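So the protein lines, in turn, are chains H and L.
Under my numbering, the first residue of the first sequence is numbered 1, with each subsequent residue one higher.
Under my numbering, the first residue of the second sequence is numbered 219, with each subsequent residue one higher.
Possibly wrong hints are sitting among the right ones.
20 Å max Cα-Cα, derived EDC-like pairs, lysine to aspartate or glutamate [as the list claims (entries may be wrong)]:
no. : chain 1 : residue 1 : chain 2 : residue 2
1   : L       : K296      : L       : E312
2   : L       : K252      : H       : D119
3   : H       : K95       : L       : E320
4   : H       : K78       : H       : D119
5   : L       : K313      : H       : D20
6   : H       : K33       : L       : E312
7   : H       : K203      : L       : D337
8   : L       : K296      : H       : E94
9   : L       : K421      : H       : D132
10  : H       : K203      : L       : D409
11  : L       : K296      : L       : D265
12  : H       : K34       : H       : D18
13  : H       : K78       : L       : E312
14  : L       : K251      : H       : D119
15  : L       : K296      : L       : D323
16  : H       : K34       : L       : D409
17  : L       : K421      : H       : D47
No lab work stands behind these hints, which were simulated from the structure alone.
Please read all numbers here as calculations on a predicted model, not as lab measurements.
There are 2 protein chains.
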Amino acid sequence: MTQETPQTPQTPPETQADDDGRNERHRSRMVRKKALIDDKIAQAQRDCGVIVITTGNGKGKSSSGFGMVVRAMGHGMKTGVVQFIKGAIPTGEEKFLRRFPEACDFHVMGEGYTWETQDRSRDIAKAEAAWDEARRMLRDPSFGLVLFDELNIALKLGYLDVNTVIADLQARPDMQHVVITGRGAPQALIDAADTVTDMTPVKHAFAQGIRAQAGVEM
Amino acid sequence: MTQETPQTPQTPPETQADDDGRNERHRSRMVRKKALIDDKIAQAQRDCGVIVITTGNGKGKSSSGFGMVVRAMGHGMKTGVVQFIKGAIPTGEEKFLRRFPEACDFHVMGEGYTWETQDRSRDIAKAEAAWDEARRMLRDPSFGLVLFDELNIALKLGYLDVNTVIADLQARPDMQHVVITGRGAPQALIDAADTVTDMTPVKHAFAQGIRAQAGVEM
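Required output: the full structure, derived from the provided sequences and hints.
Laid out in structure tokens, this is it:
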């Protein structure tokens, strides 16, 4: 990760001349930066539905997906959520989003993590039923953004065929956005995506003996 | 990042005996996994407010913060948001969360990015006013979770003093959660936090000429 030492903020002993010089250097640096950014923006002018994947072992994959659902709802878009794997414990995001059934079509298809159910055949049947729901959304242009939470885990465990999933994703409406979360995203899915972030853990409260907190982890 | 080849899903030619064997191996692996996870959970029993930082150059830092705000709202917690730096364009998250003024106290203190304003003194004054708002939330135990969006950038640019920020964070109510986002989190802040994720870019739609999409990036 990039580590940068923060500059010290303006301290009282600085003279007005120092201050003016610093402000001027800042201004010309920002003018150059703006030109670079404006140029990059000018080059990126295409609009289309994107596939976003959040993967890796760090905290923030599902919460990032739910943040995008809320963003889309703020723009008046209809959203859909299918939660794979999770489902035994109702979460804060589920409680909240179920209050807006017109704006967010929320489905929880799992029955807790696979190490709780300990039944592979049943897990596969549940994952397939969840994908049927996901496919229905991918065929419906009224959905502006859909979130398939923990789909990567269902793929990693071999509960769903990655090629079938990619084919359904690629056949979706042009302007529909798809967010897919979970550890261990398969390479074929990464190749098919537009934006991919690996959420890399630096540290986690759990390791210091703090259990999962409502509002943060669930 | 961890890349794992997904297992092939069950294929028709498998016999019932193969199937039973695979299911049994899966079950005993999951029994062992459950024991390990249950043991870890038994060791993490402390409840307290946590500081979560999302940093790095990848997509998902702010959206993850907004996902946690929604989670907390789902659990009936009062939340607060202060957006540093951003502010010139109203975002989806702002439009949505302003609909719930009782559950989410939303403040946008910036005036767009620093390369747009090109005025360091004015940026510093705005950052200080934003931190006053943040400090008010950190002194009020009615807030269950607060999000300081892009605070890392204000620290990195030296607009705020990191030691002052850390002292205010540490003086907050015991059960209050704080989420801080933005590139370039200073090491002292990382040291003071409980959970830190570096959002590492694997690929980004922008590089393929796709501009920022409503619902995804804003």
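Hinted pair H/K203 and L/D409, Cα distance within 20 Å: Holds, at about 9 Å.
Under the criterion that the straight-line Cα-Cα distance not exceed 20 Å, is the pair L/K421, H/D132 satisfied? violated, 28 Å
CA of L/K296 to CA of L/D323, is that 20 Å or under? Answer holds: L/K296 to L/D323 is near 8 Å, not above 20 Å.
Next pair to validate is L/K252 with H/D119; report whether the Cα-Cα distance is within 20 Å. holds, 13 Å
Compare the distance between the alpha carbons of L/K251 and H/D119 with 20 Å, and conclude whether the hinted pair is satisfied. Holds - the C-alpha atoms of H/D119 and L/K251 are around 13 Å apart, at most 20 Å.
Taking 20 Å as the top limit, are the C-alpha atoms of L/K296 and L/E312 close enough? holds, 16 Å
Keeping to a limit of 20 Å between CA atoms, is the pair of H/K34 and H/D18 held or broken? Measuring from Cα to Cα gives roughly 24 Å; hence the hint is violated.
Proposed proximity, H/D119 with H/K78 (alpha carbon, max 20 Å): Given pair H/K78, H/D119 is violated - Cα atoms ~35 Å apart, limit 20 Å.
Does the structure keep H/K78 and L/E312 at a Cα separation of 20 Å or less? holds, 17 Å
Next pair to validate is L/K296 with H/E94; report whether the Cα-Cα distance is within 20 Å. holds, 17 Å
Mind checking the alpha carbons of L/K296 and L/D265 for me, to see if they're no more than 20 Å apart? Given pair L/K296, L/D265 holds - Cα atoms ~18 Å apart, limit 20 Å.
Pair hint outcome, H/K203 versus L/D337 [Cα-Cα no greater than 20 Å]: Between H/K203 and L/D337 the Cα gap is close to 36 Å, so the pair fails against 20 Å, i.e. violated.
Against the hints set out earlier in the document, violations occur for numbers 4, 5, 6, 7, 9, 12 and 16.
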